[in-house]
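**Student:** Protein chains in written order, with this note's numbering: chain P, 20 to 227; chain V, 20 to 227; chain U, 20 to 227; chain A, 20 to 227.
To be clear, the hints were calculated from the coordinates, so they are not data collected in a lab.
Warning: the hint list may mix true and false statements.
[Said to hold, decoys possible] Below, computed lysine-lysine pairings styled on DSS-like, alpha-carbon distance capped at 27 Å:
1. 169/P with 169/A
2. 169/V with 169/P
3. 169/U with 169/V
4. 169/U with 169/A
Letter by letter, the chains look like this.
There are 4 protein chains.
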Amino acid sequence: MATLYNRIQGRSVERLSALSDGIFAVAMTLLVLDIRLPSATVIHSEGALLNALAAMAPQWITYLMSFLTLGIFWAGQQTQLNHLGEGSRDLTWIHLGFLFAVTLVPLSTRLLGEFIHFRLALMVYWANLLLLGAMLYWSWKHAEAHKLIKEETPPEIRAAICRRIFLAQSLYAIGAALCLVNTYVSIAVIVAIQLNYALAPRLGRERA
Amino acid sequence: MATLYNRIQGRSVERLSALSDGIFAVAMTLLVLDIRLPSATVIHSEGALLNALAAMAPQWITYLMSFLTLGIFWAGQQTQLNHLGEGSRDLTWIHLGFLFAVTLVPLSTRLLGEFIHFRLALMVYWANLLLLGAMLYWSWKHAEAHKLIKEETPPEIRAAICRRIFLAQSLYAIGAALCLVNTYVSIAVIVAIQLNYALAPRLGRERA
Amino acid sequence: MATLYNRIQGRSVERLSALSDGIFAVAMTLLVLDIRLPSATVIHSEGALLNALAAMAPQWITYLMSFLTLGIFWAGQQTQLNHLGEGSRDLTWIHLGFLFAVTLVPLSTRLLGEFIHFRLALMVYWANLLLLGAMLYWSWKHAEAHKLIKEETPPEIRAAICRRIFLAQSLYAIGAALCLVNTYVSIAVIVAIQLNYALAPRLGRERA
Amino acid sequence: MATLYNRIQGRSVERLSALSDGIFAVAMTLLVLDIRLPSATVIHSEGALLNALAAMAPQWITYLMSFLTLGIFWAGQQTQLNHLGEGSRDLTWIHLGFLFAVTLVPLSTRLLGEFIHFRLALMVYWANLLLLGAMLYWSWKHAEAHKLIKEETPPEIRAAICRRIFLAQSLYAIGAALCLVNTYVSIAVIVAIQLNYALAPRLGRERA
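Please construct the entire structure, taking both the sequences and the accompanying hints into account.
**Tutor:** Here it is as structure tokens:
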């Protein structure tokens, strides 16, 4: 009985995409809500305002990093969903798990912005990145196993999607491990990895 | 006169789906806004931060429970909307009532997180679950009575949708009643029911 | 030169619908953010919590009223957009003005919830309702004058859309004027008008 | 290897449009969250409330200005996306950069509302406008260079899109430079430029 109901659930990839776009849109915009600006009651000169904004550097850095994180995983999920021929109830729940991790990003960002020199805050942030990657990996493996991928998708693309997640997560893990040295080193390396995914492949495009 | 206007209203299931996806996306992401992280002004060591995060357990549990609630009802509404051939003014208002209950979820979650050992807070949360289920049930019965369901939908699926809502609500009611013992028991049972809907049918799928 | 650019802007009714659904979804969900729940630090019994929740009646009433407001105007805008064959730059800006009024609803709701016995707060709320109606009226008149309405739309529907707005706004104005007696009377009448639009026509449907 | 993956990313203009509409919708509605209304604990008469609302003029002005900003850039991005035949990974990241600037608008608005007579706050706001324009300009130039624009788009429209951005940004720069006189003059000029884009071309339409 439950099985019949489960067979008719979650068939629409379009609605899953719409929910995902909505959650990413809200999460990306909410990041900014957590930034506490200085108050006019304590700032009385242009110089003091500049200093106050500069002193917020941890918040700016974590904000930029989290926007990059959300952009990278939005693009990654989008690529997967574009190659799905149909959805299923189980796949929908894997993606809801992924979206759960997306809603956690503003929270782990706020934690890291508040405790930027604490390894625990960085570990929580990295755990969030890991959960995002793991859910996307699971989603693709599940879609492959249950033949939900569009038939015209060539095998090398199927492999490329998994390889990309695996490689990115390895780099993030190395970045996170560097918090044994210093959390700022960790953050710098993670941002560098992210900027590489967002920008650098452009440099090497001509070679391909 | 009003009747003519009413006949042309609410015909678009697509727009209703879009509004619904948007409201679910915002509600799912807003849950996180209500989580108050400890402040760096009172936490001075990694150990203290770990303890402070652990002491927030009621907030984590209610957050997880509410994300599951929203995920389950999103999937349930989506299944219904996928089987609708066309909308109507009345059906639109039933779904707006359902969406009203969706926007209440972050609020009843916040109440339960703040007063987790109060039966009243748990009853409010359960009333929210009941309202969500009742509106979805009404929506389906209305769509059946007014022939808004796609013709190709087989009768067993029509019945399965109602049965699923009825069964889930019965289980939630039992879970809520357990608050006579203890609100934590109630919450544990409700989360177990929800995880069963999200995960467990996977285990039994091969048998079907 | 500017004219050429203006001719190619705002042609997509789909994108305008998507932005509108998003703004309505956020506004509907944000209403709940402004509800301040009692804190566990001052509430120590179930009875005290019940009293505290009951004392929040002004917030509950304005919340319900504003959700109805947003639902009614969402349905009204949707009906118009469904009958548009194509958009235009000017029509887009009229709808952006309408959406501006939509984003003001959470704000005027907050003001009314805080100052529920002040006529000024009620007047601000009513001005918001008036602006919403005026923009929708303008939008339809503009679409008629510039032949943006789908050709198959019969003349009686064109007239019905304007009449509906005019009638509703007249009723709201009467409701608002009753604040000379008492703001609670005003609010009760406005909520009754809104519930009539949402529910009552169902009673009379068989007669049509 | 990375190149293969990059070729399959970001092909869907529809998903990019959906994310953009979501981010604009949230940003437009969030502006209102930052407006702090007076509290009923300190306001005891209708007159005092009126004065308090009038004293919030800087917030109202910056709110209006930012809604106009978001409306103008939403319409501008929409026009571009409507003329794109297909997306690409690089174009997606340029638009994510644009959306990053969109999420900054509520923040720079809050800063300007709090420090309305500080040149630094106005410079930050202008930098935000400049970033929005620069990303849209880059997006169009990139789409032209990589042949992503629909073939049927006539050359004069291609040129008009760039010219429009260039002209608007020149006017904004002049407006911002006027903060050497006074920040209120700057804001008045910027709002006048924006209202011109939103309304004034209507006056001259018949001439075209």
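**Student:** Which of the listed hints are broken here?
**Tutor:** The structure breaks none of the hints.
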